[in-house]
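*Asks:* Construct the complete structure from the given sequences, taking the supplied hints into account.
2 protein chains.
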Amino acid sequence: MLYFEDLEIGSTQSYGSYPVTREEVMQFASDYDPQPFHLDDDAAAATHFGRLSASGWHTCAMTMRMMVDNMKVNKQAGLGSPGVDQLRWKKPVYPGDTLRVETTLLEKRRSQSRRDMGIFKSRGQTFNQHDEVVLEMISNGLIRVRDPDAPISG
Amino acid sequence: MLYFEDLEIGSTQSYGSYPVTREEVMQFASDYDPQPFHLDDDAAAATHFGRLSASGWHTCAMTMRMMVDNMKVNKQAGLGSPGVDQLRWKKPVYPGDTLRVETTLLEKRRSQSRRDMGIFKSRGQTFNQHDEVVLEMISNGLIRVRDPDAPISG
Numbered sequence: 000m001l002y003f004e005d006l007e008i009g010s011t012q013s014y015g016s017y018p019v020t021r022e023e024v025m026q027f028a029s030d031y032d033p034q035p036f037h038l039d040d041d042a043a044a045a046t047h048f049g050r051l052s053a054s055g056w057h058t059c060a061m062t063m064r065m066m067v068d069n070m071k072v073n074k075q076a077g078l079g080s081p082g083v084d085q086l087r088w089k090k091p092v093y094p095g096d097t098l099r100v101e102t103t104l105l106e107k108r109r110s111q112s113r114r115d116m117g118i119f120k121s122r123g124q125t126f127n128q129h130d131e132v133v134l135e136m137i138s139n140g141l142i143r144v145r146d147p148d149a150p151i152s153g
Numbered sequence: 000m001l002y003f004e005d006l007e008i009g010s011t012q013s014y015g016s017y018p019v020t021r022e023e024v025m026q027f028a029s030d031y032d033p034q035p036f037h038l039d040d041d042a043a044a045a046t047h048f049g050r051l052s053a054s055g056w057h058t059c060a061m062t063m064r065m066m067v068d069n070m071k072v073n074k075q076a077g078l079g080s081p082g083v084d085q086l087r088w089k090k091p092v093y094p095g096d097t098l099r100v101e102t103t104l105l106e107k108r109r110s111q112s113r114r115d116m117g118i119f120k121s122r123g124q125t126f127n128q129h130d131e132v133v134l135e136m137i138s139n140g141l142i143r144v145r146d147p148d149a150p151i152s153g
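As you go down the protein sequences, you meet chains E and S in turn.
Here the first sequence stands for residues 0 to 153, numbered as in numbering that gives the first Met the number 0.
Here the second sequence stands for residues 0 to 153, numbered as in numbering that gives the first Met the number 0.
There may be inaccurate statements among the hints.
Intra- or inter-copy, both count: the list cannot distinguish identical chains.
[To be verified] The list that follows gives simulated cross-link-like pairs (lysine-lysine, DSSO-like), each with its CA atoms no further than 27 Å apart:
#  : residue 1 : residue 2
1  : Lys-90    : Lys-74
2  : Lys-120   : Lys-90
3  : Lys-74    : Lys-89
4  : Lys-71    : Lys-120
5  : Lys-89    : Lys-120
6  : Lys-90    : Lys-107
7  : Lys-120   : Lys-74
8  : Lys-107   : Lys-74
9  : Lys-107   : Lys-71
10 : Lys-107   : Lys-120
It is worth saying that the hints were derived from the structure and are not from the lab.
Keep in mind that this is a model prediction, so the values were computed, not measured.
*Replies:* Below you can see the structure in the form of structure tokens.
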């Protein structure tokens, strides 16, 4: 199990292979983002998307699934996230695409208010099968500290 | 139909009433964010969440659904979003909560590269039934220009 102490700034991880199906794109859009260009081929063709594309929030959700699956292999004592500093949907995601993720650890620090918790910042990039970045996020994560009694530096 | 020209900086909208069910929280988590504290009562109780809470991405998705439903009433020639500048999950969302949204239009400008498109920035806040902010986003939206031939100022 990886704790705060084990996180290495600059370290990268590459993982995931998520096939994007038309059925799932339309299910997610119908549940959470029922804009015509996520549900209807003709409506999508009339926009800059060109054809039916996944909701941006669906791309985030699929990315999260790959991240969580990776955390299960590379076990990490994660405690959720306070938020994302920047999130960019850089290219549309289309049915038939296959997504993967690369993450880089940018910063980490101990929590001042909770001795048992650390905070880290990472860049996550989601790629399609053409190695184009479709989603980029700078996000913040919380993780357990292995030794809460260790002094908090800085 | 509201176009770029109709957007008023500083204008606010308040809408939505989304009941968060345990079934939906667990379904979304099982599909996209299967971390133990989103799926298991005991695992959640052992974390700072205190009890089973919704995936932050689920909160985004539920918020998007309220936004799209509102766009259907207050029709808007929306064209998706390039991204979010800041996204903060400020409080956990629990089964039994009811969510609503408030948005404020912060800025707008014509696209330099696409005469038929405008870009706007808005702050969206998602509240629970205790009027606590659970999610805050500064997001960017694209919208059709009614008169693409009008000069682009600035």
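*Asks:* The structure should be examined with respect to each hint, and the outcome stated for every one.
*Replies:* To see whether the hints hold, each was checked on the structure:
Proximity of Lys-90 to Lys-74 under the C-alpha cut-off of 27 Å is restricted to the inter-copy arrangement: shortest distance 25 Å between copies versus 31 Å within a copy. In this assembly of identical chains, the alpha carbons of Lys-120 and Lys-90 lie at most 27 Å apart whether taken from the same copy (23 Å) or from different copies (19 Å). For a Cα distance limit of 27 Å, the shortest separation of Lys-74 from Lys-89 across copies, 26 Å, qualifies, whereas the shortest one inside one copy, 30 Å, does not. Taking CA atoms no more than 27 Å apart as the test, Lys-71 paired with Lys-120 passes inside one copy only; the shortest distance there is 19 Å, against 37 Å between copies.
For a Cα distance limit of 27 Å, the shortest separation of Lys-89 from Lys-120 qualifies both inside one copy, at 20 Å, and across copies, at 17 Å. Taking the closest pair of Cα atoms, Lys-90 and Lys-107 come within 27 Å of each other only across two copies (22 Å); inside a single copy the shortest separation is 29 Å, beyond that limit. Within a single copy, Lys-120 and Lys-74 get their C-alpha atoms as close as 18 Å, which meets the 27 Å cut-off; across copies the closest is 38 Å, which misses it. Taking the shortest Cα distances, Lys-107 and Lys-74 sit within 27 Å of each other inside one copy (18 Å), while across copies they are farther apart (44 Å).
Within a single copy, Lys-107 and Lys-71 get their C-alpha atoms as close as 21 Å, which meets the 27 Å cut-off; across copies the closest is 43 Å, which misses it. Proximity of Lys-107 to Lys-120 under the C-alpha cut-off of 27 Å is restricted to the intra-copy arrangement: shortest distance 6 Å within a copy versus 30 Å between copies.
Of the hints listed earlier, there is not a single one the structure fails to meet.
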